[in-house]
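Protein sequence lines correspond, in order, to chains A and B.
Heads up: the first sequence at position 142 corresponds to 145 in my numbering, and the numbers run straight through without jumps.
Heads up: the second sequence at position 150 corresponds to 347 in my numbering, and the numbers run straight through without jumps.
In short, the hints are calculated from the structure, not lab data.
Treat the hints with caution; some may be incorrect.
[As the list claims (entries may be wrong)] Reference excerpt, derived from the structure (chain A facing chain B, CB under 7 Å, subset only):
#: 1; residue: Gly8
#: 2; residue: Thr41
#: 3; residue: Tyr47
#: 4; residue: Val48
#: 5; residue: Tyr124
#: 6; residue: Gly125
#: 7; residue: Phe126
#: 8; residue: Glu146
[Stated by the list, open to error] From chain B, some residues computed to sit far from chain A (all C-beta separations above 10 Å):
#: 9; residue: Gln210
#: 10; residue: Trp322
#: 11; residue: Pro331
#: 12; residue: Asp356
#: 13; residue: Asp399
#: 14; residue: Gln447
#: 15; residue: Thr448
#: 16; residue: Val486
In this text, a Cβ means the ideal position worked out from N, Cα and C, and glycines have one as well.
Letter by letter, the chains look like this.
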Amino acid sequence: MSDCGLLVEYAEALSDGVHAAVLGLDRVLAADPLPGQTETVPAYVNLLVLFDPLLTDHAEITAGLQTRLGRVQAERAAGTTHLVDVVYDGPDLAEVARRTGLDPEAVIATHLSGDYSVYLYGFAPGYAYLGGVPEPIRLPRKEAPVRGVPAGSVIVAGGQCIVTTLTMPTGWWVIGRSPVTILRPEGMLFAVGDRVRFRRSGP
Amino acid sequence: MNAVLRVVATGPQVSLQDIGRAGAMRFGVPRSGPMDRGAFAMAIAAAGGTTGIEISRGGLVLDCVAGSAGYAVAGGGFIVERAGTQAGSWHAGIIRAGERMTVRPGFWGSWCYLVLAGVVEGARWFGSLATHAPSGLGGGLLRTGDEIRVAGGTAPVRDGTLPCPAWARPRHMLRVVMGPQDRFFPPAAQAAFLSEVFRVTDAGDRMGVRLRGPSLRSEGALGIPSEPVVRGAVQVAGDGVATVLMADHQTTGGYPKIACVIGADLDGFAQLRPRDAVLFRAVTPEAAVGAARVLAAAQARVIAGLGRG
Chain A
4 MSDCGLLVEY
14 AEALSDGVHA
24 AVLGLDRVLA
34 ADPLPGQTET
44 VPAYVNLLVL
54 FDPLLTDHAE
64 ITAGLQTRLG
74 RVQAERAAGT
84 THLVDVVYDG
94 PDLAEVARRT
104 GLDPEAVIAT
114 HLSGDYSVYL
124 YGFAPGYAYL
134 GGVPEPIRLP
144 RKEAPVRGVP
154 AGSVIVAGGQ
164 CIVTTLTMPT
174 GWWVIGRSPV
184 TILRPEGMLF
194 AVGDRVRFRR
204 SGP
Chain B
198 MNAVLRVVAT
208 GPQVSLQDIG
218 RAGAMRFGVP
228 RSGPMDRGAF
238 AMAIAAAGGT
248 TGIEISRGGL
258 VLDCVAGSAG
268 YAVAGGGFIV
278 ERAGTQAGSW
288 HAGIIRAGER
298 MTVRPGFWGS
308 WCYLVLAGVV
318 EGARWFGSLA
328 THAPSGLGGG
338 LLRTGDEIRV
348 AGGTAPVRDG
358 TLPCPAWARP
368 RHMLRVVMGP
378 QDRFFPPAAQ
388 AAFLSEVFRV
398 TDAGDRMGVR
408 LRGPSLRSEG
418 ALGIPSEPVV
428 RGAVQVAGDG
438 VATVLMADHQ
448 TTGGYPKIAC
458 VIGADLDGFA
468 QLRPRDAVLF
478 RAVTPEAAVG
488 AARVLAAAQA
498 RVIAGLGRG
């Protein structure tokens, strides 16, 4: 991509095996960086390798990647498990219940039952995309985004859940809020690949 | 030299910047830093500093309320007044207590840099003072009444006029490397992208600049999983409208990217104004790397010559 990046694409659709391979390559490049590599960005099905065009180029990065791909171990690394408190009083809880045919307590119990993992950070600083929302409460996003959704909102769309870190617009469903601080001055709370369990606090 | 500068008036999108932060894209944090990296490098080298104020077309008025500070101004064709004398945006000097500096847009350009000699106080985030404008993290967007403290500076490396190199001018012909999702655009859309005129709109900020031009409808790309994006990516939303992602870009996106503007042409693009025309021309990745090296060498030559002024 451009003069400074190479996108390593594993597939066009997400699966656990594809994402494990992305994280495996990320670990190999962290342990044994390519000459001129400036950073790597793991996502769902691909990994971006950024490099300094004054030091290397696409051909050298491609060659270096080929020597490392054989070393990629696609099994899950033992990430940390984080327990995150949620107050389930979001403005969309009732609408999520109506659209899923569940009552609000069942929506909460279903959300709490999920085993979540950090797939990637994206969109904005500290926006950790958590995969693992259970099937019964998966909904497509809203027709139009809502402005000014406050930081700390617990939002869901499809199989994804995010605890927001900034006040931003979102088209996802706001089911609660969390006191957790992901965006910290010294770095982010979660690493990609970490596990998350939610715990109910308050109503 | 130490100094305190007070913000008397500021336009929107005026912020503290350094060269930016690398290594945090995996946490959703883009590099940020100056929109025009070449002009900022000139101002840094001429002032003998690391931190500056990025001034938008909204302009900036500062009072030096204590001490004195060496400074350099570079970027765009702005008008700078200090203590009653007027100069263009490419110069260096010293501002002293009791003096007022006014920076306002002139005939061309969208971004101007005021770099102060020494170290500017401010909030560092991931090791950098660069402001991420959408969140305000880093040194931050300036507001009226803010005080900027700078310490440990000396007189600027060069006093007086600075050269405005050819590479610092606005650029209408933008070289792109196609992809990574050009395959989702039908041949007619790809041909339109590379042959028709697009125009800069006023929907632009540090995150990205929206263009007006032929509709670039993709086919079957709106379901792609979000993937990492680079500065310069030409992202096409579902309505066929193209946006060039800039310094504070989102780190991932699910809209298809038809191409990426090469780094060597992004500074010149940043200095365009709304309604300016742009044309895209495809080059190979090898040519893009070559252009980055040619530009870096040209910038190093000008910067090395500053001390001999």
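Going through the hints against the structure:
no. : hint   : result
1   : Gly8   : 5 Å, holds
2   : Thr41  : 6 Å, holds
3   : Tyr47  : 4 Å, holds
4   : Val48  : 5 Å, holds
5   : Tyr124 : 4 Å, holds
6   : Gly125 : 3 Å, holds
7   : Phe126 : 5 Å, holds
8   : Glu146 : 13 Å, violated
9   : Gln210 : 17 Å, holds
10  : Trp322 : 7 Å, violated
11  : Pro331 : 7 Å, violated
12  : Asp356 : 31 Å, holds
13  : Asp399 : 20 Å, holds
14  : Gln447 : 5 Å, violated
15  : Thr448 : 6 Å, violated
16  : Val486 : 4 Å, violated
The structure does not agree with the numbered hints 8, 10, 11, 14, 15 and 16 stated previously, though it agrees with the rest.
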